[in-house]
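Number 1181 in my numbering belongs to position 38 of the sequence shown; there are no gaps in the numbering.
One or more hints might be untrue.
To be verified - Now the in silico label distances, taken between C-beta atoms and shown as ranges:
{"hint": "1", "residue 1": "1190", "residue 2": "1166", "range": "30 to 40 Å"}
{"hint": "2", "residue 1": "1172", "residue 2": "1198", "range": "37 to 47 Å"}
{"hint": "3", "residue 1": "1162", "residue 2": "1189", "range": "35 to 45 Å"}
{"hint": "4", "residue 1": "1160", "residue 2": "1196", "range": "20 to 30 Å"}
{"hint": "5", "residue 1": "1164", "residue 2": "1192", "range": "33 to 43 Å"}
{"hint": "6", "residue 1": "1155", "residue 2": "1191", "range": "51 to 61 Å"}
{"hint": "7", "residue 1": "1148", "residue 2": "1185", "range": "29 to 39 Å"}
{"hint": "8", "residue 1": "1173", "residue 2": "1152", "range": "26 to 36 Å"}
{"hint": "9", "residue 1": "1155", "residue 2": "1192", "range": "29 to 39 Å"}
Just so you know, the hints here were simulated from the structure itself, not pulled from any lab data. Each residue gets a CB set at the ideal place from its N, CA and C atoms; glycine is no exception.
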Amino acid sequence: MSDHEERIEKLEIDLAHAVRIIDELNEVVAEQDKQILRLTRKMNLMTDQVEELIDGSMPGHQVEKPPHY
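Working from the sequences, and respecting the hints, build out all of it.
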């Protein structure tokens, strides 16, 4: 096998490994996205519940969200 062919074969092997790693990373990112969405929904629900508890225990008290919301 010539040097040129060996270099091409090495590039093809490296490309195959890179594609596999990219696919694995894509799966990780997709799973993390699902987890972030799930946690965001849970946090919003819990925030609403805390606000309801505060409203119920302290009539007239308003929960003010920070300016960055």
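Does the Cβ distance between residue 1173 and residue 1152 fall inside 26 to 36 Å? With a Cβ separation near 32 Å, residue 1173 and residue 1152 satisfy 26 to 36 Å, so the hint holds.
Is 20 to 30 Å right for how far apart the beta carbons of residue 1160 and residue 1196 are? violated (53 Å)
When you take the CB atoms of residue 1155 and residue 1192, is the distance between them in 29 to 39 Å? violated (56 Å)
Range hint 29 to 39 Å: satisfied by the CB atoms of residue 1148 and residue 1185? Since residue 1148 and residue 1185 have Cβ atoms about 56 Å apart, the given range 29 to 39 Å is violated.
In this structure, is the beta-carbon distance linking residue 1162 and residue 1189 contained in 35 to 45 Å? Taking Cβ atoms as reference, residue 1162 and residue 1189 lie about 41 Å apart, which means the hint holds.
I want to verify a distance hint. Is the separation of the beta carbons of residue 1190 and residue 1166 within 30 to 40 Å? holds (36 Å)
Pairwise beta carbon distance, residue 1164 to residue 1192, judged against the given window 33 to 43 Å: This hint holds: roughly 42 Å between Cβ atoms.
Residue 1155 and residue 1191, beta-carbon distance inside 51 to 61 Å? Holds, at about 54 Å.
Could you tell me whether the CB distance from residue 1172 to residue 1198 stays inside 37 to 47 Å? holds (39 Å)
Checked against the numbered hints given earlier, this structure breaks hints 4, 7 and 9; the rest are met.
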